[in-house]
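This is what each chain is made of:
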Amino acid sequence: MKKRKVLLIGWDSCEWKVVNDLMAKGLMPTLQKFLSEASSGKFATLEPPVSPILWTSMATGKRMEHHGIHGFLEPDPNPNSPSGIRAVSVTSRKVKAIWNMLNQKGYSTNVISWWPSHPAEPVNGLMVSNFYHLDKPAKAEEWELPEGTVHPVELSETFKDLRVSGNEITAAHILPFIPEVMKVNQEEDKIVSFVIGTLAHTSTVHNAITWTLDNRPADFNAVYYEGLDHFSHAAMKFHPPKRDSVDGQKYDFYKHVVTGAYRFHDMMLETLLKQVDEDTTVIICSDHGFHPDHLRPVVIPKEPSGPTVEHSPYGFIAIKGPGIKKGHTFHGANVIDLCPTLLHLYDLPIGKDMVGRPLLQIYEQPQKVEYIDSWENFHEGYSGQHDPEKVQDTYAEASAMEQLIELGYIENPSEDKTLNIRKVTEEADYMMGRNYLEQSKFELAIPLFEKLAAANNYEARFANRLFSCYVSTGKLSKAKELIEKQKSAEGSSEPGVLLAEGLIATAMNDPYLANDKFNKAIQNGMGNSSTYYLIGNSYLAMGMKKEAEKMFRKSLELDFENNSALIGLGYIFELEKKYEEALDFYFQITDRILYYPRAHARIGKCFYELGLYDQCANAYEMVLISAPRDLKTRKQLAHIYKDKLNNQAKADGHFKLIEKYLKGEITVVTGLPGSGQSLLLDLLIKAGLPVFYDSVGAPDPAYKFFRYGHSAVFKLGKDKKVLDGADEMILRVLPKQMVHLPSHFNYKYILVNRNEAEIQQFLQKGTPFANKGAYDPKMGEDLMQNKVIISKLIEDTPENLVLTLEFRDICEHPSRTLNQICSFLGLPPVDFKVDKEIIKDLLTSLY
Amino acid sequence: MKYKIEKKLYSANDKLPIPPDGSLGLLALGYKGLIAWRKAREAANQQNQEKESGK
Numbered sequence: 001m002k003k004r005k006v007l008l009i010g011w012d013s014c015e016w017k018v019v020n021d022l023m024a025k026g027l028m029p030t031l032q033k034f035l036s037e038a039s040s041g042k043f044a045t046l047e048p049p050v051s052p053i054l055w056t057s058m059a060t061g062k063r064m065e066h067h068g069i070h071g072f073l074e075p076d077p078n079p080n081s082p083s084g085i086r087a088v089s090v091t092s093r094k095v096k097a098i099w100n101m102l103n104q105k106g107y108s109t110n111v112i113s114w115w116p117s118h119p120a121e122p123v124n125g126l127m128v129s130n131f132y133h134l135d136k137p138a139k140a141e142e143w144e145l146p147e148g149t150v151h152p153v154e155l156s157e158t159f160k161d162l163r164v165s166g167n168e169i170t171a172a173h174i175l176p177f178i179p180e181v182m183k184v185n186q187e188e189d190k191i192v193s194f195v196i197g198t199l200a201h202t203s204t205v206h207n208a209i210t211w212t213l214d215n216r217p218a219d220f221n222a223v224y225y226e227g228l229d230h231f232s233h234a235a236m237k238f239h240p241p242k243r244d245s246v247d248g249q250k251y252d253f254y255k256h257v258v259t260g261a262y263r264f265h266d267m268m269l270e271t272l273l274k275q276v277d278e279d280t281t282v283i284i285c286s287d288h289g290f291h292p293d294h295l296r297p298v299v300i301p302k303e304p305s306g307p308t309v310e311h312s313p314y315g316f317i318a319i320k321g322p323g324i325k326k327g328h329t330f331h332g333a334n335v336i337d338l339c340p341t342l343l344h345l346y347d348l349p350i351g352k353d354m355v356g357r358p359l360l361q362i363y364e365q366p367q368k369v370e371y372i373d374s375w376e377n378f379h380e381g382y383s384g385q386h387d388p389e390k391v392q393d394t395y396a397e398a399s400a401m402e403q404l405i406e407l408g409y410i411e412n413p414s415e416d417k418t419l420n421i422r423k424v425t426e427e428a429d430y431m432m433g434r435n436y437l438e439q440s441k442f443e444l445a446i447p448l449f450e451k452l453a454a455a456n457n458y459e460a461r462f463a464n465r466l467f468s469c470y471v472s473t474g475k476l477s478k479a480k481e482l483i484e485k486q487k488s489a490e491g492s493s494e495p496g497v498l499l500a501e502g503l504i505a506t507a508m509n510d511p512y513l514a515n516d517k518f519n520k521a522i523q524n525g526m527g528n529s530s531t532y533y534l535i536g537n538s539y540l541a542m543g544m545k546k547e548a549e550k551m552f553r554k555s556l557e558l559d560f561e562n563n564s565a566l567i568g569l570g571y572i573f574e575l576e577k578k579y580e581e582a583l584d585f586y587f588q589i590t591d592r593i594l595y596y597p598r599a600h601a602r603i604g605k606c607f608y609e610l611g612l613y614d615q616c617a618n619a620y621e622m623v624l625i626s627a628p629r630d631l632k633t634r635k636q637l638a639h640i641y642k643d644k645l646n647n648q649a650k651a652d653g654h655f656k657l658i659e660k661y662l663k664g665e666i667t668v669v670t671g672l673p674g675s676g677q678s679l680l681l682d683l684l685i686k687a688g689l690p691v692f693y694d695s696v697g698a699p700d701p702a703y704k705f706f707r708y709g710h711s712a713v714f715k716l717g718k719d720k721k722v723l724d725g726a727d728e729m730i731l732r733v734l735p736k737q738m739v740h741l742p743s744h745f746n747y748k749y750i751l752v753n754r755n756e757a758e759i760q761q762f763l764q765k766g767t768p769f770a771n772k773g774a775y776d777p778k779m780g781e782d783l784m785q786n787k788v789i790i791s792k793l794i795e796d797t798p799e800n801l802v803l804t805l806e807f808r809d810i811c812e813h814p815s816r817t818l819n820q821i822c823s824f825l826g827l828p829p830v831d832f833k834v835d836k837e838i839i840k841d842l843l844t845s846l847y
Numbered sequence: 848m849k850y851k852i853e854k855k856l857y858s859a860n861d862k863l864p865i866p867p868d869g870s871l872g873l874l875a876l877g878y879k880g881l882i883a884w885r886k887a888r889e890a891a892n893q894q895n896q897e898k899e900s901g902k
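Read top to bottom, the protein sequences are chains A and B. Just so you know, the first sequence maps onto residues 1 to 847 in my numbering. Just so you know, the second sequence maps onto residues 848 to 902 in my numbering.
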């Protein structure tokens, strides 16, 4: 069998929308031909979308908390460093990259300009670091090649001469990018010099890889081009179609830059492809995309890494080679899958500690995947890694820092070393917090964001993410406190505060308050697609479908790819039993994104209602691929297999998983005796909500007020399984019984509150203490014990799992209360109108 | 100063002059294009210098 050879080409920021547009115009013929013979797809990025972090994840198969690269900069251990900080070094990487693993198994590797890769690692092959293409520092006299740029060092002179300086670039090179370059006032407008510099850097890297492929080809050759990212940051704002916020003259000057950049990369690709044979597997990929359309941000935040808001979440990947499907589109790939995919291409095992998985869907005949515990525990062979104590020279740092400042990724370092180190450490913590947030590791993200917010006067980028963590974990009181602190912070905005208050109201299942806040946020200038979606959602929870539809449509006008708004709109049609119309909206999502559980769940429901059970089952299976713990879907699917498709084997498979791993959910109604739970439950039953109760109720006359409960609750101390019929239902539980609730359910709580004097009056009816203004001592003791239990419940339970209702509100606003409960239970609002007369009748019959 | 790009149609196997000012095509060829361009540029500079000194 022939030895596998790979050419890996990294095009930072390569965006499918631009590629597709240019290919349609015949302007990227090389890539177009390549794709017709390759497997390709979207390449989802990771949070935070910061290039040195991402390209390291791609090379190692690990996320940043494991690989050690935390941003553009890091504290410099060199005591002679003038600023105390440096561009991130490869010596900070704590784990092996793909080239180290391949070296250990006897493969040779060439790596050009990976980010980060300075100083160059002593691999079995050749490595040219990402400092190679940097310009001469402003204060330097000679354009030296920084020490440690090239391995082996004997090739330094060769590569030194292959660099292109910006001074060499002529009008012949620039005119295809900027035809009217002679009209630009280059003293004031720095874009021309930036384009010149980027072209020089890109060509420098290209010279290095082309020389390497001709003169020192290896089993694995990798090259990273930063060019598309830099051209895009400079000029995507001027890319057609013109936006109103863009200056007309500048648009005319720079509207060809991005197209020129992509076409130039296509030309370079042609050269590279001619240098490899048909047996070489070629991979072209990017770490993220770059918004080229209506999603381009109008404002770039003035903060470190601010320009990353221009990045889009899906990059590009295409793979061509022996055994790879041709002209095939695949889905579900993530940048973290690159390293496992490369290992699998070389028939090497994947580390179980790697997050990604090999892209098996690209193969004509997929081979079995082998695993080892970790490549970090594999010590055979030569890996080509650095001695961790390696120290760099500071000359190289100056130039690397200048480039990052020019891009807007970092601020100019101050003369205060301590301040610089603090700021860089804070940025690293911020990146790590975002990384944890994406993985829903809130318990790790919260301490980082709390520290950052407190130390930086609740700056919006820290406070907003902390807010998101608090809301996600139900810490709504802390979220409210945070809003108060943010109000006085710099950069705080009225609409931002209103939006946050609306999100808390949503989390507390008060769609009425949420609606009010979101509407005010829009009136104060926050009229974007997301806010219109949020308003639509609140109208839906209030039972106002027409208004909700209007808002969802407005949201889609502003962003036709707002998936949440598409789902909202589809759901409205579902509620009106117009299932085919609903499907039209859901398919708009799944046509673009293969794995989208929310959309597939709704598609499954529509097919079920239409009696198309095979399609329904397929849709639910898709949900479970991405969300295997979705109990509701799994149960529905199991029943469909059993009752509709006569497939008992598949049904049993799902029932076994449900029984073994998954918990049901019960909503508990509780509160002090006499607080109004019976009234509430009677209302819920009349409205058709699922209440688990029986006519037996309480066995003991002492619990005479325990109406609409289930006798099973009194057997909980002896048999935990008595509640198995209560799954997904509402169940009344006395506070003292809650300690016996079985652990194989998840719980939400509806707590009914009432003024204690009223409770006392109610409970003492017919007793010698009635209307005497004094507690029956036994009742008083009982009440106190129940209060302690309820306080503990509130303390121990995330706030978003507790809905507190006031007795008075149930009586005064019964319809609103019902809608709040439906929102809390994740149910559509009920079409049940109840007024005060009905409440009065209920109160009379109950009490 | 106006700069004019001359457009011509070429066929396969045509020998093309390397413009001293370079081109994107030469950059796209990689190190070979760079070396050829620098050679042509050096030759053009030398020619200019000779013309200047011959005046």
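The hints are simulated quantities; they were obtained by calculation from the structure and are not laboratory data. Each hint should be verified, as a subset may be incorrect.
[To be verified] Calculated pairs, BS3-like style, for lysine-lysine (alpha carbon to alpha carbon, straight line, at most 25 Å):
| hint | chain 1 | residue 1 | chain 2 | residue 2 |
| --- | --- | --- | --- | --- |
| 1 | A | K765 | A | K721 |
| 2 | A | K274 | B | K879 |
| 3 | B | K862 | A | K25 |
| 4 | A | K160 | B | K879 |
| 5 | A | K274 | B | K898 |
| 6 | A | K3 | A | K25 |
For each hint, the structure was consulted:
1. Taking the CA atoms of K765(A) and K721(A), the gap is near 37 Å; set against the 25 Å cutoff, the hint is violated.
2. For a cut-off of 25 Å, the pair hint linking K274(A) to K879(B) stands: about 13 Å separates their Cα positions.
3. Using a Cα cut-off of 25 Å, the hinted pair K862(B) and K25(A) is violated, with the two alpha carbons roughly 29 Å apart.
4. Restraint check: the Cα-Cα separation between K160(A) and K879(B) comes to about 15 Å, which is no more than 25 Å; the hinted pair holds.
5. Using a Cα cut-off of 25 Å, the hinted pair K274(A) and K898(B) is violated, with the two alpha carbons roughly 40 Å apart.
6. For the hint pairing K3(A) with K25(A), the CA-to-CA distance comes to about 38 Å; that exceeds 25 Å, so the pair is violated.
Of the hints listed earlier, those the structure fails to meet are numbers 1, 3, 5 and 6, in rising order.
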